[in-house]
Amino acid sequence: MGNLSYEESKKVVYKGLGLLALITILEVAVALIGNGHIINGFELPRIIMYPLMIGMSVYKAYFIIYEFMHLTYEVQGMRMSILLPTLLLVWGIIAFFQEGGSWFKRRDQIKQKNEKPAEESIKVIGMHAHPSTTKELF
Amino acid sequence: MATDTIAQDDLHLENSDAWDGAKQPFKASYGKLMMWYFLVSDAFTFAGFLIAYGAIRFSMPSWPVPDFVFKTFPFGGHTEGPLLFVTFMTFVLIISSVTMVRAVQEGHRENQRGVVFWMFLTVIGGASFLACQAWEWTNLISVEHMSVTTNPFGTHVEAGTYLDDAHGVPYADGVEKETFVAGDGYLIHKGHHGHGGDHAGEAHGGEAHAGEAHADGTHDDWIKRRYMTEGGELKQQEFGPKAFGALFFFITGFHGFHVFSGVVFLLIILINVASGLYVKRKNGYEMVEKIGLYWHFVDLVWVFVFLVFYLL
Numbered sequence: 001m002g003n004l005s006y007e008e009s010k011k012v013v014y015k016g017l018g019l020l021a022l023i024t025i026l027e028v029a030v031a032l033i034g035n036g037h038i039i040n041g042f043e044l045p046r047i048i049m050y051p052l053m054i055g056m057s058v059y060k061a062y063f064i065i066y067e068f069m070h071l072t073y074e075v076q077g078m079r080m081s082i083l084l085p086t087l088l089l090v091w092g093i094i095a096f097f098q099e100g101g102s103w104f105k106r107r108d109q110i111k112q113k114n115e116k117p118a119e120e121s122i123k124v125i126g127m128h129a130h131p132s133t134t135k136e137l138f
Numbered sequence: 139m140a141t142d143t144i145a146q147d148d149l150h151l152e153n154s155d156a157w158d159g160a161k162q163p164f165k166a167s168y169g170k171l172m173m174w175y176f177l178v179s180d181a182f183t184f185a186g187f188l189i190a191y192g193a194i195r196f197s198m199p200s201w202p203v204p205d206f207v208f209k210t211f212p213f214g215g216h217t218e219g220p221l222l223f224v225t226f227m228t229f230v231l232i233i234s235s236v237t238m239v240r241a242v243q244e245g246h247r248e249n250q251r252g253v254v255f256w257m258f259l260t261v262i263g264g265a266s267f268l269a270c271q272a273w274e275w276t277n278l279i280s281v282e283h284m285s286v287t288t289n290p291f292g293t294h295v296e297a298g299t300y301l302d303d304a305h306g307v308p309y310a311d312g313v314e315k316e317t318f319v320a321g322d323g324y325l326i327h328k329g330h331h332g333h334g335g336d337h338a339g340e341a342h343g344g345e346a347h348a349g350e351a352h353a354d355g356t357h358d359d360w361i362k363r364r365y366m367t368e369g370g371e372l373k374q375q376e377f378g379p380k381a382f383g384a385l386f387f388f389i390t391g392f393h394g395f396h397v398f399s400g401v402v403f404l405l406i407i408l409i410n411v412a413s414g415l416y417v418k419r420k421n422g423y424e425m426v427e428k429i430g431l432y433w434h435f436v437d438l439v440w441v442f443v444f445l446v447f448y449l450l
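Protein chains in written order, with my numbering: chain E, 1 to 138; chain L, 139 to 450.
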């Protein structure tokens, strides 16, 4: 329980309950107001909604890890050995979201190629696969 | 309390030879540290799923809107309550997390009755969450016919006007037609047709669902409503991205499985506490603390599942 007395830590818990409940209500409020469910005709742009909701979720996660799971009260080395590896996920998010975006862009390209006459599209695919051999083929 | 902690550490040293190296790494017991490292690895598993969700979602031109998909709730009938039920589920999980913290605290005071009481409440919370999820899944599968391979929830990519009503029957003269704008969500319903009329679903029969034949000879078909875009093109509602159903059932299912196994472990440890097993160990009910870590982790994962599936 770290350095807190029993009474103190009991208080932290109920404060935490209030905090988490409040943030959850705020998150849902942002989602509903932002999508125009509460106030008729009023919507929030996604560029405001999304960072707000992500920020609040990250704060909830921080609170659960640090207070409820007592990570604040563990030694520094243990904290780091748990938290630092998760930094790898930052790259995971960047790389895969970039990839997803690229799939989205190529959707149109694939559609275009499907609409092209067969001969032409074979030529394009051949050139992409082996630029050196296409010279001999065509 | 500070002196208690020191006394506790000394006790650990005597009892377990401090992992046989005379000094406890990170001043934590072996079990507790390994529970943390297991949770780190589990976090990576969940992160992998959620990142895959993000990548696939980014690759799709349209994606079902959560406040349209998740607007039903038990005994709600046709009343719409966007995100209402799932917010309730989130509260259930948060409250069960709080009762778990209380159980751990009572454990530090070696208060057996307190631990039993708060752990019991936690088990009830976990079971309630599972019950809610069971209702949610049942509704999606048997009422809205979403499955791992079929996703009847779609989103319009352009504005337009429907040419037929919810049953796939062309509007009679004088009836006001429904309109929609880009970004509006829709749900493809199933209809019952006994006489094999040429309704919208048949034109695309071979595609995803040709309809299942029933014993009484009737046909269960998807009603794909026709509409006219603002540009004057005639089009038909199509299924939403298949991946949505698969990702939803897989990720919430995997989380639900964590909740389920958490409830099972909580029950086992609850029985051990009640039988007085941990009284003899005199280590501040460390077993309760370890299962507590797991239980908070389940809540932690839900924060992000809630974020990506229901909020964004």
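Some hints could be false.
[To be verified] Distance condition first, Cα-Cα at most 30 Å in a straight line; then the derived DSSO-like pairs of lysine-lysine:
1. L:K170 <-> E:K15
2. L:K209 <-> L:K328
3. E:K111 <-> L:K380
4. E:K10 <-> L:K165
5. L:K373 <-> L:K209
6. E:K10 <-> L:K418
7. E:K111 <-> L:K418
[Stated by the list, open to error] Sample of chain L residues at the chain E side, in silico, Cβ under 7 Å:
8. Q162
9. D205
10. F223
11. V230
12. I232
[Unchecked claim] Calculated from the model, a selection of chain L residues having no Cβ within reach of chain E, i.e. all distances over 12 Å:
13. E218
14. S235
15. A265
16. S266
17. M366
18. G369
19. F377
20. F395
21. L438
Hints were generated in silico from the structure; no laboratory data involved.
Predicted model, so just to flag it, every value in this text is computed and none were measured.
For glycine and all other residues, C-beta sits at the position ideal for the given N, C-alpha and C.
- Task: Could you tell me which of the numbered hints above are not met by this structure, giving the numbers in increasing order?
- Result: Of the numbered hints, 7, 8, 10, 11, 13, 14, 21 do not hold.
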